[in-house]
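Trainee: Listed below are the residues making up each chain.
Number of protein chains: 2
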Amino acid sequence: VRLYSGLMESRAPLFRQLFESESSTYTYLLADADSREAVLIDPVLETVDRDLQLISELGLTLKVACKHLFYYSYTGLLKMQIHSLPAGGAFLAAETVVSSVTAVNKCLTVRETPGHTDGCVTYVSEDERMAFTGDALLIRGCGRTDFQQGSPHRLYESVHKKIFTLPGHCFVYPAHDYKGQTVSTVDEEKKFNPRLTKTLPEFVNIMNNLNLPKPKKIGTVCVY
Amino acid sequence: VRLYSGLMESRAPLFRQLFESESSTYTYLLADADSREAVLIDPVLETVDRDLQLISELGLTLKVACKHLFYYSYTGLLKMQIHSLPAGGAFLAAETVVSSVTAVNKCLTVRETPGHTDGCVTYVSEDERMAFTGDALLIRGCGRTDFQQGSPHRLYESVHKKIFTLPGHCFVYPAHDYKGQTVSTVDEEKKFNPRLTKTLPEFVNIMNNLNLPKPKKIGTVCVY
Ligand SMILES: [Fe+2]
Ligand SMILES: [Fe+2]
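Residue numbers (the numbering used here), protein chains in the order written: chain A, 12 to 235; chain B, 12 to 235.
Worth flagging that the hints you see were computed from the coordinates, not collected in a lab.
Among the hints, a few may not be true.
[Said to hold, decoys possible] Below, in silico cross-link-like pairs of lysine-lysine (DSBU-like), each with a Cα-Cα straight-line distance of 30 Å or less:
| id | chain 1 | residue 1 | chain 2 | residue 2 |
| --- | --- | --- | --- | --- |
| 1 | B | K201 | B | K173 |
| 2 | B | K209 | B | K172 |
| 3 | B | K225 | B | K201 |
| 4 | B | K201 | B | K172 |
| 5 | B | K225 | A | K190 |
| 6 | A | K190 | A | K202 |
| 7 | B | K190 | A | K225 |
| 8 | B | K225 | B | K209 |
| 9 | B | K172 | A | K190 |
[Claimed, not checked] Some chain B residues close to chain A (C-beta under 10 Å, calculated; not the full set):
| id | residue |
| --- | --- |
| 10 | L29 |
| 11 | C118 |
| 12 | E123 |
Nothing here was measured: the structure is a model prediction, and the numbers come from that model.
We treat Cβ as the ideally placed atom computed from N, Cα and C, and that holds for glycine.
One chain only, chain A, in its complex shape (with noise of 0.2 Å):
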């Protein structure tokens, strides 16, 4: 199975980046190399075509979809959302939220980080070389919180206690970013952070602040 190692280590999982570029969103598809059993995570709708067709040519089964938020007053055990593709296969169709956790379980674990909206979590690989920050933590940023639950203190608590207490060389991998920035990791944005480097009364004073115009998909699923 040399063919589909993955980073650097043949026995490491396999790892894709790909982008969405009309929402600037990142979706992330990780797989067990022995297994084949693959996670996709934060995918969107418009290039799911795209992401069916890679995995397939991987010869992956894709055990589960999860958003890295919701909007809905969902109370499943992690607070995931299972996002109901159009299936090209056999996958997800009826598996129960229970069985698509374990899967996800096995080389993520998931981290609640409200802040953003009520529903937001982080993935977070298990040698904790990688967390998918979702809307919590964007390279040299963060995510909105004027809306949809959104709390700019329960963000900054969020991000420092359960993203910052991360391995300073864990990467951070953001669901969306507008500047072509790929990746960062954990120290960088303890130094470098424009926000979150400020202290709890500043950063919350920037956020209430931003004055940004209301997101086109509101409503929607999907709220950048």
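Please build the complex by placing chain B with the ligands on the supplied structure of chain A, with the hints as guidance.
Mentor: Just chain B with the ligands, lined up with the frame of chain A:
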């Protein structure tokens, strides 16, 4: 120096992929974890400030910036165009091609891969785990061959003799991508590239019938 240790292993070179959305161009930053010397592959004018800031934040010294191609009748040792960046610090300036090539050679070798243009090169990392293929090989595609000394025959030969001979797990990092894909592997392209899996006559026929519009920036330094 663990902070900047880069991909997976603490002594591994630091590596960053960066994107410029106007021209769909990837810029790559590579640096030695110990010496902190960096190489920037394919910087783009529009995003060079972002790149220089990152280089500064990571505590790196930019030794050389190079392009995967050039359009001048330039006959340097390794056919490399030194991009004259608006220097924030003391880098590049009057350094000669020779000293730049030395810096590159520490971590990269250069393979001539003409076909898109006469002067296209592919940079290959020392351990043959990464190839920066420019416009020769794109993910599931390749550069056009219908202007600027382009030749489908030469491109086919370049890819098959200089890139497809690399180890199958070698990552393929292209100069451009238009579908949000960030990386591929040699094996994947050998199996799934819709053009380069064809025979030479079929490939030539495909490339001679693409009927692409003239690129916007022809005549300037970078032609996409
Ligand atoms: Fe989002
Ligand atoms: Fe190009």
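Trainee: Now, for every hint given, state plainly whether the structure supports it.
Mentor: Results for each hint:
The suggested pairing of K201 of chain B with K173 of chain B holds, with an alpha-carbon distance near 13 Å, which does not exceed 30 Å. For the proposed pair K209 of chain B and K172 of chain B, the alpha carbon gap of about 15 Å is at most 30 Å, so the pair holds. Under the criterion of a C-alpha separation no larger than 30 Å, the hint pairing K225 of chain B with K201 of chain B is consistent with the structure, at around 29 Å. Note on K201 of chain B and K172 of chain B: the hinted pairing holds, with a Cα-Cα distance of about 12 Å set against a maximum of 30 Å.
As the CA atoms of K225 of chain B and K190 of chain A are separated by approximately 27 Å, the hinted pair is consistent with the 30 Å bound. Straight-line distance between C-alpha atoms of K190 of chain A and K202 of chain A comes to about 19 Å, which keeps the hinted pair within the 30 Å bound. Using a Cα cut-off of 30 Å, the hinted pair K190 of chain B and K225 of chain A holds, with the two alpha carbons roughly 27 Å apart. Under the criterion of a C-alpha separation no larger than 30 Å, the hint pairing K225 of chain B with K209 of chain B is consistent with the structure, at around 25 Å.
Annotation: proposed proximity of K172 of chain B to K190 of chain A is violated, straight-line Cα distance about 36 Å (limit 30 Å). A distance limit of 10 Å between C-beta atoms decides the matter here; for L29 of chain B the minimum to chain A is near 5 Å, and the interface restraint holds. Hint on C118 of chain B is violated. Least Cβ distance to chain A is approximately 15 Å, over the 10 Å limit. For the restraint placing E123 of chain B at the interface with chain A, the shortest Cβ-Cβ distance is roughly 27 Å, beyond the 10 Å limit, so the hint is violated.
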